[in-house]
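Engineer: So the protein sequences, as listed, match chains Z and U.
When the count follows numbering that gives the first Met the number 0, it moves up by one through the first sequence with no breaks and lands on 203 for the last residue.
When the count follows numbering that gives the first Met the number 0, it moves up by one through the second sequence with no breaks and lands on 218 for the last residue.
Each hint should be verified, as a subset may be incorrect.
[Unchecked claim] For lysine to any residue, the following SDA-like pairs were computed, each having C-alpha atoms within a straight-line distance of at most 20 Å:
id: 1; chain 1: U; residue 1: K6; chain 2: Z; residue 2: A99
id: 2; chain 1: U; residue 1: K6; chain 2: U; residue 2: L100
id: 3; chain 1: U; residue 1: K6; chain 2: Z; residue 2: M91
id: 4; chain 1: Z; residue 1: K128; chain 2: U; residue 2: R14
id: 5; chain 1: Z; residue 1: K128; chain 2: U; residue 2: M13
id: 6; chain 1: Z; residue 1: K128; chain 2: U; residue 2: V73
id: 7; chain 1: Z; residue 1: K128; chain 2: U; residue 2: D18
id: 8; chain 1: Z; residue 1: K111; chain 2: Z; residue 2: L125
Hints were generated in silico from the structure; no laboratory data involved.
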Amino acid sequence: MLQGINLACVRGDRELFKNINFSLEAGGLMQVHGPNGSGKTSLLRMLCGLSNPAAGEIRWCDKAIHSLDGDYFAVMTYIGHLSGTKDDLTVMENLRISSALAGSEISADQAKEALEYIGLSGREALPVKVLSQGQRRRVALARLLVCKTSVWILDEPLVALDVAAVKLIQGLLEQHLLQGGMVVMTTHQEIDIAAASITQLQLA
Amino acid sequence: MLMWIIKRDLLLAMRRQSDVFTILFFFIIVVSLFPLSVGPEMNMLRTMAPGVVWVAALLASMLSLGRMFSNDYVDGTLEQMLLSPQSLSLLVLGKALAHWLVTGIPLVLMAPILGIQYDLPIEALFVLTITLLLGTPVLSLIGAIGAALTLGLRGGGVLVSLLVLPLYIPVLIFGAGAVEANMAGVGYDAHLSLIGAFLLMSLVFAPWAAASSLRVSLE
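Given these sequences and hints, build the entire structure.
Structural biologist: Here is the structure:
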């Protein structure tokens, strides 16, 4: 269970949000809404442990995440605005290296399978720098197919994706939620994801 | 894990060989400038050789520090490394080792050849190479701390030299000192032991310090 208790975020001398409370059970989806600059990305970065909340606490299984460190990172995958891929490496190398660094090594066959599923077959050996924005996004999202984590924190995962890819990701998220995973995401696109429980979090 | 990060950085260096060669040529040119400007006075050249080669190695190693983390910072891969269940210190150690393999080893291999310009005797060339072999990893490890501290700052390149160069001084003193001692006919074991001690100390503390700085820099 992922819990946020009285979270607050301060940037400079501006308070972006305060008193944010939520609790996410297995199979639950949380969508974070809010206008530009309302602190959606800041909240997600707190949830994945990259930054600390100005006040409040984030708990995973009733323990504060900063006391868990590696144990929490082992069950969590974050895909942010930045793609997290190296331009000079090929699609295949990117996927295999990022998976290995995230703690789950995968074989070349597994990587190939995942890339085929996400619609990049035939491009495994191309360096990422020659791909389009949408394709780069697919490379980043391919990590979701090969990771074995239960909490997915996705910051605008659908940006630059075409209709077919959005459907693909939607299916992937639904399957993950059905298997008892959790998803926290922000998106400006209308998307209907079936989930056991859906929390809508509105930031002012 | 450690292997993966080293492999990754070596692969990236291979795809961008110009970066590696820039550093090596910088080293070669700086070292070669001195004999050209001072003139063929063997005695003077021999006296200044260890210092010049070592200072050039410091500068060359520092030249590439800015890139150690900043490229990964820009494309988001560093962020992902911070979220790895593996220890961040280990990752930093891997990156520092890769940095040494790419920038340190070529300097070590080149040094004995450049030393000939200074009319160094064979044995002194040998000692110079050994000190560089032991000392350059220290430069990469200490440099990692500076690179992590200045990550994302404007004008970080100048700041990193101000932070890191003073910390390089002990290695410089004992590195150049070992060669001088050898040429003076004194033993150089003590110098080597001290550089070895610096290496061990930086192996233990530098990755940890750099990892903590990275967490602060990325918050």
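Engineer: Would you mind marking each hint as holding or not holding in the structure?
Structural biologist: Outcome of the hint check:
{"no.": "1", "hint": "U:K6 x Z:A99", "verdict": "11 Å, holds"}
{"no.": "2", "hint": "U:K6 x U:L100", "verdict": "11 Å, holds"}
{"no.": "3", "hint": "U:K6 x Z:M91", "verdict": "14 Å, holds"}
{"no.": "4", "hint": "Z:K128 x U:R14", "verdict": "12 Å, holds"}
{"no.": "5", "hint": "Z:K128 x U:M13", "verdict": "16 Å, holds"}
{"no.": "6", "hint": "Z:K128 x U:V73", "verdict": "14 Å, holds"}
{"no.": "7", "hint": "Z:K128 x U:D18", "verdict": "18 Å, holds"}
{"no.": "8", "hint": "Z:K111 x Z:L125", "verdict": "13 Å, holds"}
Violated hints: none; the structure is consistent with every hint.
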